[in-house]
Amino acid sequence: MPNTIKTTPAASKKTTLLASAAPNAIELLKADHDKVKAMFEQYEGLSGRAVASKKKLVREICLELTKHTLAEEEIFYSAVRKALGDEDMVDEATVEHACAKDLIEQLLSMEPGDDLYDAKVKVLSEQIEHHVEEEEKEMFPKAKKAKLDMAELGEAIQARKDEIGLPLPH
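Here my numbering is used: the first residue of the sequence shown is 1, the next is one more, and so on.
Hints may contain errors.
[To be verified] Subject to a maximum C-alpha distance of 27 Å in a straight line, what follows is the list of computed DSSO-like cross-link-like pairs (lysine-lysine):
id	residue 1	residue 2
1	LYS142	LYS30
2	LYS120	LYS161
3	LYS145	LYS120
4	LYS101	LYS120
5	LYS137	LYS120
6	LYS122	LYS30
7	LYS82	LYS120
8	LYS137	LYS122
9	LYS30	LYS55
10	LYS144	LYS56
11	LYS55	LYS137
12	LYS137	LYS161
These aren't lab readings, by the way, just hints derived from the structure by calculation.
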């Protein structure tokens, strides 16, 4: 989204610096990946009795993943599909997101002491790890080669994530 505001040279330089500080789409998506990976690692370090901490952390993981997957599907995957015409790669990534969303929904309706809670968090973590590896090794390099406007996509992805602020069930 180009900046169409007319400004003084000093203000224009400041605006340019601010705009260049915004991450491009791939940097933004990778930062999301790193953040969620760190949260999963933090979860693994919690003791079985840390019920309140587990619940809070899982809710944070679920919110981050939900915002990420929605924005990624709506904006990034759509752009990649148009630019590359690689239906299989984008379709597979979309199905992986659907599996994650299913586990997210299950986890949000559970309590940390429930049967299979920890197992579902572990499986979600493993699914996300696999998905991230494929995106970062296959999709992202292809998207870079397609000469997509990563700055514009990054702005759109961030704006969409900011809109999502979902209220999650308790």
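Status of each hint after checking the structure:
{"no.": "1", "hint": "LYS142 / LYS30", "in the structure": "holds, 15 Å"}
{"no.": "2", "hint": "LYS120 / LYS161", "in the structure": "holds, 25 Å"}
{"no.": "3", "hint": "LYS145 / LYS120", "in the structure": "violated, 36 Å"}
{"no.": "4", "hint": "LYS101 / LYS120", "in the structure": "holds, 12 Å"}
{"no.": "5", "hint": "LYS137 / LYS120", "in the structure": "holds, 26 Å"}
{"no.": "6", "hint": "LYS122 / LYS30", "in the structure": "holds, 21 Å"}
{"no.": "7", "hint": "LYS82 / LYS120", "in the structure": "violated, 34 Å"}
{"no.": "8", "hint": "LYS137 / LYS122", "in the structure": "holds, 23 Å"}
{"no.": "9", "hint": "LYS30 / LYS55", "in the structure": "holds, 25 Å"}
{"no.": "10", "hint": "LYS144 / LYS56", "in the structure": "violated, 36 Å"}
{"no.": "11", "hint": "LYS55 / LYS137", "in the structure": "violated, 32 Å"}
{"no.": "12", "hint": "LYS137 / LYS161", "in the structure": "holds, 23 Å"}
In this structure, the earlier hints numbered 3, 7, 10, 11 are contradicted, and the remaining ones agree with it.
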